[in-house]
Structure formats: C-alpha cells, structure tokens
Amino acid sequence: KNQVEQSPQSLIILEGKNCTLQCNYTVSPFSNLRWYKQDTGRGPVSLTIMTFSENTKSNGRYTATLDADTKQSSLHITASQLSDSASYICVVSAEVGNTGKLIFGQGTTLQVKP
Amino acid sequence: EAGVVQSPRYKIIEKKQPVAFWCNPISGHNTLYWYRQNLGQGPELLIRYENEEAVDDSQLPKDRFSAERLKGVDSTLKIQPAELGDSAVYLCASSSEGNDEQFFGPGTRLTVL
Numbered sequence: 001k002n003q004v005e006q007s008p009q010s011l012i013i014l015e016g017k018n019c020t021l022q023c024n025y026t027v028s029p030f031s032n033l034r035w036y037k038q039d040t041g042r043g044p045v046s047l048t049i050m051t052f053s054e055n056t057k058s059n060g061r062y063t064a065t066l067d068a069d070t071k072q073s074s075l076h077i078t079a080s081q082l083s084d085s086a087s088y089i090c091v092v093s094a095e096v097g098n099t100g101k102l103i104f105g106q107g108t109t110l111q112v113k114p
Numbered sequence: 115e116a117g118v119v120q121s122p123r124y125k126i127i128e129k130k131q132p133v134a135f136w137c138n139p140i141s142g143h144n145t146l147y148w149y150r151q152n153l154g155q156g157p158e159l160l161i162r163y164e165n166e167e168a169v170d171d172s173q174l175p176k177d178r179f180s181a182e183r184l185k186g187v188d189s190t191l192k193i194q195p196a197e198l199g200d201s202a203v204y205l206c207a208s209s210s211e212g213n214d215e216q217f218f219g220p221g222t223r224l225t226v227l
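Each protein sequence line maps, in turn, to chains H and F. Residues 1 to 114 in the numbering used here are what the first sequence spells out, letter by letter. Residues 115 to 227 in the numbering used here are what the second sequence spells out, letter by letter.
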C-alpha cells in the first residue's frame, strides 16, 4: 500500500533556531517527492520538488534531501522565522510522467515562537 | 495571474442539508482535483477531472457526493445530505497537461452542526 509517514507530528521551536522534519514513504513506482507548506486557512504551496536522481534541493532557507534507497526525505529549515509557522506536508507522486496521483503525508505542524 | 479560486471560503450548515462548493482553476489548466482535508491530516483525493471527464472518482462517496465540470473549466462539488463527519476543508487544485505539479486553492471550510 502506498503510504507517506511524517514525523514529528508537531514541533515547537524558538525563532532563529534550525529544525528538521522527516518523511518516510512506501510508494511505487516513485516519480517525485514534494514538500508543501500550508499556512492556516490556506491551501498548500509547493516548496521543493525532487526526482529520483536528485538528493538535495534548496529554496531559500528550506533545504530538502532525498534518499531514494532508504525511501526517506527530510526538510531542513534554517534560521527559523515566525512566518515559518505552518503545516509542512510531504507528498509523493506515484505515477511516472503525466499528471500524477499524489500520496500525502499527514503533515508536521511547526510553531515558531519569539 | 490569478490562482485557483474557491467559494465560499466558509460554510456552516445543519446535518441533512445540501451544500455546494465552487472552484475555478488556473486558466489553461485542464486537470482539476477535489480533495478533502480533515483537521491535522493531509488532503485526500475525492475526484480528478481531465477536462470534463472524471478520470478518478474511486474515493468519492457516491451515495451523497457528486461533482461536475460541464465545460471543462470550473467545477462544483455537492454534498446531499451532509453528515456531521463531512466537516472538513474541501480543497480544489489544478495542473496543466503533462505536469503533475498541482496548485491549490484556499479551500472551503465546511462545518456541519
């Protein structure tokens, strides 16, 4: 069964600190992996996308890693800001090429405190 | 360029009442998705359209849920009658042909009392 598991479920950090969110998946055939940020009351917004051959991708203070062998991904946030408070969702595409069926993780809720 | 538009943003109804949600995808996007997101969970696909054709509705509870995309542009998702367990955020997303990156709307938060 295609699944995406994220940890931790929730996280509280102080402003300026770094944090790392984890994502494990059992999805086949694997196409790509995305990290989405979802602010409260908003739809998810894509942060990074990685294909099988990529093992790291950065977007500003966000750096995603992918280990296709162990089927693990992480999202590292550097020098956190209050605006980073949101839910971060790991999403794996289960189809190759054409519009894919996305398998969503349950998300990690991050709260950045001043 | 406008993103995915959804309305209403919030809806509160009593159980057994009908409700409808509307979505206008990004211009030129031929694939449209409806998701349901429960609190603290990731979105779950309800139905996917390619133009006006529903190509994946396997997760749509067809006894009470229906959707349409008559002209292959905007879409409506309906629940009749609503149940308490239908309380959730209903997200619409769209993507262009040959590209599985989905762009999400802000969602409609439904509360069934």
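Do not rely on the hints blindly, as some may be mistaken.
What the hints assert, rightly or not - Under 8 Å between C-beta atoms, here's a sample of chain H residues computed to sit facing chain F: (1) S46; (2) I49; (3) M50; (4) F52; (5) T56; (6) K57; (7) G60; (8) T63; (9) A79; (10) L82; (11) A86; (12) K113; (13) P114.
Hints listed in this document are in silico derivations from the structure and should not be mistaken for laboratory results. Virtual Cβ for every residue (Gly too), placed ideally from N, Cα, C.
Taking the hints in turn, this is what the structure says about them:
no., hint, result
1, S46, "holds, 6 Å"
2, I49, "holds, 7 Å"
3, M50, "violated, 13 Å"
4, F52, "violated, 14 Å"
5, T56, "violated, 19 Å"
6, K57, "violated, 14 Å"
7, G60, "violated, 18 Å"
8, T63, "violated, 19 Å"
9, A79, "violated, 27 Å"
10, L82, "violated, 21 Å"
11, A86, "violated, 13 Å"
12, K113, "violated, 20 Å"
13, P114, "violated, 24 Å"
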